[in-house]
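Participant: From the two separate chains plus the hints, produce the assembled complex.
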Amino acid sequence: MSTALLHTGTHEKKAVLSKKKLLPYWLLAPGIIWLVIFFLVPIYQLISTSTQTQGYGIGTYVQTYRFANFIDAITSSKAQLIRSFEYAFLATLFALIISYPLAYAVAFKSGRWKNTLLVLIVAPFFCSFLLRTVAWEQILGEQGLVIKVLRFAHILGAQDHLTATPFAVVAGLTYNFLPFMTLPLYASLERIDIRMMEASGDLYANALTTFRKVTVPLSMPGVVAGTLLTFIPAAGDYINAELLGNPGTKMIGNVIEARYLEIVDYPGAAALSLILMVTILILVMAYVKRAGTEELV
Amino acid sequence: MAIEISRRNLIKAAGGLGAASLLGLSNEEIAQAASTKNAVRFANWSLYLDYDNKTKSYPTLVDFTKKTGIPVNYMEVVDDNDTFTAKVTPQLRLKKDIGYDIVVLTEWMAARWINGKYVAKFDDTKIPNKKNVLPFLLNRPLDPGRHYSLPWAGVIAGFAWSNQKNPKGIHTMEQLFAPANKGKIEVLSEMRDTIGLIMLWQGVDITKPFSGDKFMNAIDFLQKMIHDGYIRQVKGQSYQEDLISGDAVAVIGWSGDINQLNAQNSNRFGFAIPESGGTFSTDNMMIPALSPNKVNAEAVINYYYDPMVAARVANYINYICPVAGAQQAMEKVNPAQVSNKLIFPDDAMWKNLKVFRDLSQAEQISFSTEFQKASGNA
Chain A
1 MSTALLHTGT HEKKAVLSKK KLLPYWLLAP GIIWLVIFFL VPIYQLISTS
51 TQTQGYGIGT YVQTYRFANF IDAITSSKAQ LIRSFEYAFL ATLFALIISY
101 PLAYAVAFKS GRWKNTLLVL IVAPFFCSFL LRTVAWEQIL GEQGLVIKVL
151 RFAHILGAQD HLTATPFAVV AGLTYNFLPF MTLPLYASLE RIDIRMMEAS
201 GDLYANALTT FRKVTVPLSM PGVVAGTLLT FIPAAGDYIN AELLGNPGTK
251 MIGNVIEARY LEIVDYPGAA ALSLILMVTI LILVMAYVKR AGTEELV
Chain B
298 MAIEISRRNL IKAAGGLGAA SLLGLSNEEI AQAASTKNAV RFANWSLYLD
348 YDNKTKSYPT LVDFTKKTGI PVNYMEVVDD NDTFTAKVTP QLRLKKDIGY
398 DIVVLTEWMA ARWINGKYVA KFDDTKIPNK KNVLPFLLNR PLDPGRHYSL
448 PWAGVIAGFA WSNQKNPKGI HTMEQLFAPA NKGKIEVLSE MRDTIGLIML
498 WQGVDITKPF SGDKFMNAID FLQKMIHDGY IRQVKGQSYQ EDLISGDAVA
548 VIGWSGDINQ LNAQNSNRFG FAIPESGGTF STDNMMIPAL SPNKVNAEAV
598 INYYYDPMVA ARVANYINYI CPVAGAQQAM EKVNPAQVSN KLIFPDDAMW
648 KNLKVFRDLS QAEQISFSTE FQKASGNA
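Chains as they are written, first to last, in this note's numbering: chain A, 1 to 297; chain B, 298 to 675.
Next comes chain B alone, as it looks inside the complex (with noise of 0.2 Å):
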């Protein structure tokens, strides 16, 4: 689709608005080639906007363009906020476009960014739809009144099973390291969330500062699953594949994506938050700085805080919408996900999820190093 788009574009651009119309285009079409140049390249992370397997295109985009005239580049790069950031930052410090206008990445992530300057700061003007951030993610520590940064959805992470290996379903550590389970586990590769869950079971606050050692309680716990052959891979969003296939029966994973799976595979799967706590975070929508793109930007950031647009993009990712009034309009786009906490968390559910605190650059370097060596990458 990303690609489809970016080819028809190009084509009319090339060939100029006269022999656009002499292919029969119509008004519309010239008015969107007209505007070509400024696309917006929007890199986001994969299922993760409302996709229509019949038209092969992202209904809510569509809608956008028609209504805008500006035509967006959607791209599925990111798969993991280190690897991308990665690829990227040498283009970043040049101060060079890289090639994205809006990118999509993880809090403690896009605090990197922030601090480093690397990410424009919004128009408001530009985004009156902003008022309808719920309230408690304005003011989050990575962007106080949110000049830099906003929300595209929250994310937990919890415990997902199979139903068939596992019919009780899996509420505790205790339940995923289960004997029946072992070499069929899977954690995720996003340490803030794997290693987040075993400190919270071991009783650890991971939102207050705690010491290196209650870390490491939690990377010895991990390296003992590992070696002791309980955990199968250490892995991204990947995980998914396994639990189609089977190769995996039990593991730490993502909110969204269960719900997901489970509506293309005849409800197998079942998603929990862990009794001793799940970890929230949010993924949020930046601005390169350096991005040519900057307003028309603004307008698909804007367009994404209309609550009936939020909904129907919510009812497809399962995420948690973090627009404010998505609810009362899920009632038309699809009734059935109204009371879908997963979607729109209640008091009790929020009580229970935790943000995993900001740690300095010294212990970012020294706890990555420490994660990817229990997963034998070091």
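Here chain A stands alone, though its shape is the one from the complex (with noise of 0.2 Å):
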């Protein structure tokens, strides 16, 4: 009877010990099964589209395994493939160098304003990211005071204008992401212990010196988790080439997009896609493994 007993209860215990274990993967399942939908399948159907080749009529494609299209894809727009990241970069330098100020302001010198300023940082999210790019069209248009200022200043000619250019891509880059570069900074820089400094300066180092062995150093987290989130997106961006840019600033995103929906060649765009992605993937791990990443939150 007791080993009866006994038996039972080694059963129930197992049947205790299995379900903790499946627990886990009980809780994972919602995201698994959300990644596997809109994540894992997606990327095989782009793979997939991305070696096949034209069938019987305009936007119908067979699976030929034509690895070719890779080559062909990046030789065709090796320009823009290349612009994609300069801009991006530009735009990450110029958005880490305006955030890093603002940050700093905001978490050391802000007093009761902080949470004012938080909200106007966050604010422009209130409004579509479209319609603040066509907002930057009539900003630097010709009926916009900047293009007036300039010319009044004869820093530009009558014939020179500011839409259409790099310059106005590049800038529309910047301002768009630059919430993503100025919170992430002032997470960091909001949580560096002030005694910190404090101590730099007991042990005689001048403002100077204490911001760049003390301030900076702490800060990185946010530098890095700032630079990823304004980099990635703006590399793959569109919009703000297609609006404020002209057929000579035209970004990675713009070809990806006219080859799906203008030439019809889905191959062609799956294959750029699938490079973009792993373009940045490879640029971001060399990045992080550089820079760290134990601290980053």
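There could be a bad hint or two in this list.
Derived lysine to aspartate or glutamate pairs resembling EDC-like cross-links, with alpha carbons at most 20 Å apart [claimed, not checked]: (1) K638(B) - E572(B); (2) K479(B) - E142(A); (3) K591(B) - D420(B); (4) K364(B) - D603(B); (5) K638(B) - E628(B); (6) K479(B) - D525(B); (7) K629(B) - D603(B); (8) K670(B) - E242(A); (9) K479(B) - E137(A); (10) K670(B) - E257(A); (11) K363(B) - D603(B); (12) K427(B) - D603(B); (13) K109(A) - D193(A); (14) K384(B) - E257(A); (15) K462(B) - D160(A); (16) K462(B) - E142(A); (17) K670(B) - D72(A); (18) K479(B) - E538(B); (19) K670(B) - D517(B); (20) K479(B) - D160(A); (21) K414(B) - D379(B); (22) K670(B) - D510(B).
None of these hints come from the bench; they were simulated from the model.
Facilitator: What follows is the structure in structure tokens.
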């Protein structure tokens, strides 16, 4: 009888154990199902499309495992691919230069205005990305104040223009992704213990040295997160180049859009999308490896 | 407006007729609600139907619904032939309802839909007004006899300019690319119009077979003008906003747009067909093959070939009217428009308008790729 009891006891234990073991998977299930449906399946479809070739009729494709699609895509769109990373790099750099003092001021110098300033930084998100970019068309356009001031100051001639230039595209990218840079920077700056800076001063470091040796290293997680959050979407963006650029400033996103919707070349578009994803992945991995992610939040 | 109608109908349909009468709706409105599920979903280009700013409605459509009891959900969702088609192609292939009962697409794209068997054959007995379609438009190569498509309007591509910067107007390609316009010129992203005008200027007959070399000559010219900084952007109908703001001062554009712009902007702009020839094409109404509302859609189509209705639309949109008798009807609608050649072209004008020839599938892909390349998109 005692053995029987023992048996049932271990069975129950086993059942409880396996239930406990399964629990994490149940908790993960919604996320995993979501990722399978909306990430893995599309990625598979993208990879599969990228090696197809034109079938009978526009917009129909057959699987031929033509890996040369990738070479064709790179050779025909090299210029836009390189330009995308150039513009994304410039936009990230400018966003960092603008954001760092801004985040620093909000974190250390804003006093009771802190919350107001934070709301102001996030405020642009209340308006659609597209509308904000269209607004930039007007800000930099012929009827805008900027061009009038620059013409008055003879920095620009009557024939010069600001819209439909690389400047406008980079400026638009910088503006649109600025909050993605500012917020992580603010988060990591705000967390710095003010006593570290005081200690630095006690050890005879001047303000600049303190900034260089204490503040900047401690804010690095914010810098890394901010640059990633800016660079990645900026490299794939096509709205800014479409609305603020000219035919010579088109980015890889524009090429992918045209290949999908205008030329109806799905394999070419899929190949370019994959190339873009893989290139960004490689760049980001190299960057993160150098910069480190231990403190990345 | 479109949302308003559908939302109102939705509420009525959900509430049932009893609820409708409780709400104090007229018999007419109840009748309309009864046929709600048959609302015709009409996809068209922007600024392509008479619109009343005060009542925020489309007067001819309102009259149609009053007369027939058939509600119409009018949507300005077509902004580019390629983009619109690319978006609905998956459903078309799967033989599913694409959510529209009437679509309006340009001739070359309409041909692709007809060849792909994506559209339904008209029941001619339901469209008796078909007899009013201008005879030469009844036998276009895309659809001889017009069993699958009927012309909504004729479109001319030519030069448009701001009077302030080009007081003498623009009548030749040289005037378009005058140094004074440098950096403020825009051309259409519709390949057949932009390249068509350039080829006509280069002396190529675009209505007859031409070689790929001839096409590439035009591409080279376009590319040079872009590279040298003359052309600011290659874009669709949004060139209008740039003309208004002054960011563009000379463009390749569409005839009717400029008339509408002038009506809203105190005649600041001009339009002319190039001396070397303009391109002509039609936008065509078609019923997608799997439309559940074919009969009602045919009623809408039939209605717009009534000369009086056609004149009202043409008076507003200013594009070539495809309906015989509309010119006479225009006397009553707006006498000032009767002699508007951009709505009712005379013989001399027709002679200067050319239709871009049909392209084979291989040509379509390679030409379109070259055009996108020149525009920086590939």
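Participant: Next step is simple, just say for each hint if it's right about the structure.
Facilitator: Consistency of the hints with the structure:
Taken as a hint, the K638(B) and E572(B) pair is honoured in the structure, with Cα atoms around 16 Å apart against an allowance of 20 Å. Using a Cα cut-off of 20 Å, the hinted pair K479(B) and E142(A) holds, with the two alpha carbons roughly 15 Å apart. Straight-line distance between C-alpha atoms of K591(B) and D420(B) comes to about 9 Å, which keeps the hinted pair within the 20 Å bound. Proximity of K364(B) to D603(B) is assessed by CA-CA distance (about 13 Å); at most 20 Å being required, the pair is judged to hold.
Of the supplied pair hints, the one linking K638(B) and E628(B) holds, its CA atoms being roughly 15 Å apart against a limit of 20 Å. Taking the CA atoms of K479(B) and D525(B), the gap is about 9 Å. The hint holds against a cut of 20 Å. Between K629(B) and D603(B) the CA atoms are separated by roughly 14 Å; this keeps the pair inside 20 Å, and the hint holds. Restraint check for K670(B) and E242(A): satisfied, since their Cα atoms lie roughly 15 Å apart, inside the 20 Å limit.
Under the criterion of a C-alpha separation no larger than 20 Å, the hint pairing K479(B) with E137(A) is consistent with the structure, at around 19 Å. As the CA atoms of K670(B) and E257(A) are separated by approximately 13 Å, the hinted pair is consistent with the 20 Å bound. Proximity of K363(B) to D603(B) is assessed by CA-CA distance (about 16 Å); at most 20 Å being required, the pair is judged to hold. A distance of roughly 9 Å separates the Cα atoms of K427(B) and D603(B); the hinted pair therefore holds under the 20 Å criterion.
A C-alpha spacing of about 14 Å is found between K109(A) and D193(A), which places the hinted pair at or below 20 Å, so the restraint holds. This hinted pair checks out: K384(B) and E257(A) have alpha carbons roughly 12 Å apart, not beyond 20 Å. Under the criterion of a C-alpha separation no larger than 20 Å, the hint pairing K462(B) with D160(A) is consistent with the structure, at around 15 Å. Our distance criterion of 20 Å between C-alpha atoms is met by K462(B) and E142(A), whose separation comes to about 13 Å.
Distance restraint check for K670(B) and D72(A): the Cα-Cα separation of roughly 14 Å lies within the 20 Å cut-off, and the hinted pair is therefore satisfied. The straight-line distance between the Cα atoms of K479(B) and E538(B) is roughly 18 Å, inside the 20 Å bound, and the hint therefore holds. Annotation: proposed proximity of K670(B) to D517(B) holds, straight-line Cα distance about 11 Å (limit 20 Å). With a CA separation close to 9 Å, the supplied pair K479(B) and D160(A) stays within the 20 Å bound.
For the given pair, K414(B) sits about 17 Å from D379(B) by alpha-carbon distance, which is consistent with the 20 Å threshold. With a C-alpha separation of about 16 Å, the suggested pairing of K670(B) with D510(B) holds against the 20 Å cut-off.
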